[in-house]
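Can you build the whole structure from these sequences, using the hints too?
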Amino acid sequence: MFAAKLLGWMLLGVVRLLTGAQARWWGCPPKAEQRIYFANHQSHLDLVMIWAALPEELRSITRPIAARDYWANTPMKRWITTEVFNAIYVERGGTPAPAEDGAPPPDPMTPLQPLVDALTSGDSIIIFPEGTRGHTGEPQKFKSGLFTLAQMFPDVVLVPAWIDNVQRVMPKGEVVPVPILCSVTFGAPIVLASGEERRAFLDRARDAVIALRHV
Amino acid sequence: MNAFLRNLSSTHQVAALFLIVFGVLALVSIATLGVGLRERRNAAHGEAWLREFADFRALLRTTWFMAVVFWIGWALGPGVATLLFAFIAFFALREFITLSPTRRGDHRSLILAFFVVLPVQFLLVGTARFDLFTVFIPVYVFLAIPVVSALANDPSQFLERNAKLQWGIMVCVYGLSHVPALLLLSFPDYEGKSAFLVFFLVFVVQTCMVVQHLIARRFAYLPADEADVVRRGLLGRWLAREPFAPHVSRSFNWVSWGLGMAIASVVGAAMSFITPFKFGQALAMALIACVAGSMGHLVMKALKRDRGIPSWGQKGVGVTGANGLLDRVDALCFAAPVFFHSVRWYFGV
Numbered sequence: 001m002f003a004a005k006l007l008g009w010m011l012l013g014v015v016r017l018l019t020g021a022q023a024r025w026w027g028c029p030p031k032a033e034q035r036i037y038f039a040n041h042q043s044h045l046d047l048v049m050i051w052a053a054l055p056e057e058l059r060s061i062t063r064p065i066a067a068r069d070y071w072a073n074t075p076m077k078r079w080i081t082t083e084v085f086n087a088i089y090v091e092r093g094g095t096p097a098p099a100e101d102g103a104p105p106p107d108p109m110t111p112l113q114p115l116v117d118a119l120t121s122g123d124s125i126i127i128f129p130e131g132t133r134g135h136t137g138e139p140q141k142f143k144s145g146l147f148t149l150a151q152m153f154p155d156v157v158l159v160p161a162w163i164d165n166v167q168r169v170m171p172k173g174e175v176v177p178v179p180i181l182c183s184v185t186f187g188a189p190i191v192l193a194s195g196e197e198r199r200a201f202l203d204r205a206r207d208a209v210i211a212l213r214h215v
Numbered sequence: 001m002n003a004f005l006r007n008l009s010s011t012h013q014v015a016a017l018f019l020i021v022f023g024v025l026a027l028v029s030i031a032t033l034g035v036g037l038r039e040r041r042n043a044a045h046g047e048a049w050l051r052e053f054a055d056f057r058a059l060l061r062t063t064w065f066m067a068v069v070f071w072i073g074w075a076l077g078p079g080v081a082t083l084l085f086a087f088i089a090f091f092a093l094r095e096f097i098t099l100s101p102t103r104r105g106d107h108r109s110l111i112l113a114f115f116v117v118l119p120v121q122f123l124l125v126g127t128a129r130f131d132l133f134t135v136f137i138p139v140y141v142f143l144a145i146p147v148v149s150a151l152a153n154d155p156s157q158f159l160e161r162n163a164k165l166q167w168g169i170m171v172c173v174y175g176l177s178h179v180p181a182l183l184l185l186s187f188p189d190y191e192g193k194s195a196f197l198v199f200f201l202v203f204v205v206q207t208c209m210v211v212q213h214l215i216a217r218r219f220a221y222l223p224a225d226e227a228d229v230v231r232r233g234l235l236g237r238w239l240a241r242e243p244f245a246p247h248v249s250r251s252f253n254w255v256s257w258g259l260g261m262a263i264a265s266v267v268g269a270a271m272s273f274i275t276p277f278k279f280g281q282a283l284a285m286a287l288i289a290c291v292a293g294s295m296g297h298l299v300m301k302a303l304k305r306d307r308g309i310p311s312w313g314q315k316g317v318g319v320t321g322a323n324g325l326l327d328r329v330d331a332l333c334f335a336a337p338v339f340f341h342s343v344r345w346y347f348g349v
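Chains R and A, in that order, give the protein sequences. The numbering of the first sequence is the numbering used here, which starts it at 1 and goes up by one. The numbering of the second sequence is the numbering used here, which starts it at 1 and goes up by one.
Just to be clear, a hint being listed does not mean it is correct.
Just a sample of chain R residues kept apart from chain A, beta carbon distances all over 10 angstroms, derived [stated by the list, open to error]:
| hint | residue |
| --- | --- |
| 1 | V14 |
| 2 | G20 |
| 3 | R78 |
| 4 | G122 |
| 5 | N165 |
| 6 | V178 |
| 7 | L192 |
| 8 | E197 |
For the chain R half of the interface with chain A, some residues (derived, Cβ under 10 angstroms), not all of them [as the list claims (entries may be wrong)]:
| hint | residue |
| --- | --- |
| 9 | L18 |
| 10 | D117 |
| 11 | A118 |
| 12 | S121 |
| 13 | R168 |
| 14 | M170 |
| 15 | P171 |
| 16 | K172 |
| 17 | P179 |
To be clear, the hints were calculated from the coordinates, so they are not data collected in a lab. Idealized CB from N, CA, C, for every residue including glycine.
Laid out in structure tokens, this is it:
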């Protein structure tokens with residue numbers, strides 16, 4: 001426990017030294033209410049960035065999701081992810097996207113179950129609805145997990161976030177990060193309108209994230 | 001008084017200098033606090049005054065910060081001072097790189113710049129290897145950076161990307177590394193007092209920038225307006241010049257520049273007693289540093305305009321504490337190498 005705390009402080013120091021880890025609360029104040037933060041995904045470091053950008057009090061009640069195949073492939077990474085970040089493991093790819101003809105996806109609940117558990121126990125979570133990291137700069141289409149969670153937990157506030165510049169700190173395939181200032185911009189919360197279609201809502205959520213890019 | 005100061009040991013002289021600086025700063029801060037409190041009780045001034053007051057307080061905070069940093073650097077010796085400037089260079093380069101777009105192929109070059117070039121350069125300064133530290137970046141790094149970039153197999157905008165990185169290294173690392181290098185110059189009969197030389201350089205360059213800034217702010221150029229011309233009087237009309245290069249800087253004109261140079265040089269000459277220079281030499285050295293510093297500041301303004309930003313701080317929000325650092329040190333980045341080499345060449349030390 002002590003080691004985890006110490007490592008957390010050290011990591012925070014390194015992240016601030018390299019990136020500044022600046023949080024810009026543009027659309028909502030940092031507040032200890034139950035939230036789902038959803039952000040663009042360009043690098044494995046997104047998780048670390050958003051964790052470092054949150055204020056101390058929120059960090060302890062907010063759990064990021066981590067791709068199991070990357071963050072759990074060595075004992076060290078697994079220890080950091082569970083003890084320091086208090087992350088929730090998910091299988092890469094998230095929920096499979098529903099087929100265009102409207103046929104129901106195989107079983108949407110299995111990969112989401114850990115997130116549902118975290119939300120039920122009162123924690124806030126950080127998710128990356130693109131599922132995988134993009135490399136074009138433009139976020140990919142959102143997967144439907146966000147929609148499902150928004151339906152299941154109507155009282156949880158949905159906060160969009162734009163993580164800027166992280167892909168430059170550590171591009172895909174590199175191991176040593178370089179110092180470049182990054183920021184996380186938190187936007188105004190969105191709500192799922194009653195009877196809103198899945199695709200319409202997901203596109204709206206994606207637009208809310210992209211809109212934060214230039215504020 | 002003067003004789004008393006002269007008889008002190010060099011350590012005590014430097015300590016006395018810091019005591020004076022901190023004393024003046026404390027007096028100014030107390031006065032500012034008093035004015036601020038009175039203003040809060042009964043607001044007597046307009047919005048413009050309040051904005052100027054806030055600007056002044058920001059300037060005061062920066063000055064405090066710089067003074068404390070210099071004091072720590074001096075108190076803990078040249079090694080710590082060098083380390084301090086290494087960190088300033090690191091943060092300045094971080095800002096520079098953030099705002100010049102890089103591609104994936106630049107990653108290895110960036111690693112080289114931040115984690116090899118920067119530490120090696122300051123290590124060379126710290127160990128007083130003057131022959132090597134003046135050529136390390138212009139000769140060796142100049143070749144190493146494009147080689148690493150070429151190996152990354154990405155030719156698009158190759159020259160532009162490399163030029164930006166080279167520039168960043170030159171300004172932020174090479175330029176700033178010359179400030180702690182001053183601490184290691186050994187003048188005859190001047191042992192243990194090199195901190196004065198650093199103070200002299202920083203103070204003179206800052207004076208020149210502040211004077212220029214104040215004149216530009218106070219007498220901003222406005223297109224001919226009869227009532228305004230009458231109200232301002234002769235001096236105001238003479239000082240309110242058209243900006244010389246308005247696309248680069250809306251405040252730069254030769255008159256305010258010349259005044260900044262003149263005032264800062266005289267201030268420098270008046271400080272000659274703390275330097276190894278005579279009166280005339282101090283005047284010339286201050287002038288050289290100010291010309292280099294203010295011109296460098298203008299060049300950095302052109303760079304910022306090119307990127308379409310008013311300052312190096314990220315999007316105007318300062319939370320991390322490192323924001324807009326480059327705005328404050330850019331004049332020093334250009335002044336330090338010129339000053340250092342002029343001093344070395346002229347005095348043969």
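For the hint on R/P179, does the least C-beta distance to chain A fall short of 10 angstroms? 4 angstroms, holds
Does the interface hint hold: is R/A118 within less than 10 angstroms of chain A, judged Cβ to Cβ? 28 angstroms, violated
Does the closest beta carbon of chain A sit nearer than 10 angstroms to the beta carbon of R/K172? Nearest chain A Cβ about 8 angstroms off; hint holds.
Beyond 10 angstroms from every Cβ of chain A: is that where the Cβ of R/R78 lies? R/R78 is indeed farther than 10 angstroms from all Cβ atoms of chain A, at 26 angstroms.
Outside-interface status for R/E197 - nearest CB in chain A farther than 10 angstroms: Non-interface label stands for R/E197: nearest chain A Cβ at 35 angstroms, farther than 10 angstroms.
Given a cut of 10 angstroms on the nearest C-beta pair, is the interface hint for R/P171 held or broken against chain A? This interface hint holds because 5 angstroms falls under the 10 angstroms limit.
Tell me if the interface restraint on R/M170 is satisfied: Cβ within less than 10 angstroms of some Cβ in chain A. With a closest approach of 8 angstroms, the R/M170 hint holds.
Min Cβ distance, R/D117 to chain A: is it shorter than 10 angstroms? 33 angstroms, violated
Would you say R/V178 is clear of chain A, with no C-beta pair closer than or equal to 10 angstroms? Violated, since 4 angstroms does not exceed 10 angstroms.
Taking the closest pair, is the beta carbon of R/G20 still more than 10 angstroms from chain A? Violated: least Cβ distance 4 angstroms, not greater than 10 angstroms.
Interface-negative label, R/L192 against chain A, beta-carbon threshold 10 angstroms: 30 angstroms, holds
Is it correct that the beta-carbon of R/N165 has no partner in chain A closer than or equal to 10 angstroms? 7 angstroms, violated
Hint compliance for this structure: hints 2, 5, 6, 10, 11, 12 are not met, and every other hint is.
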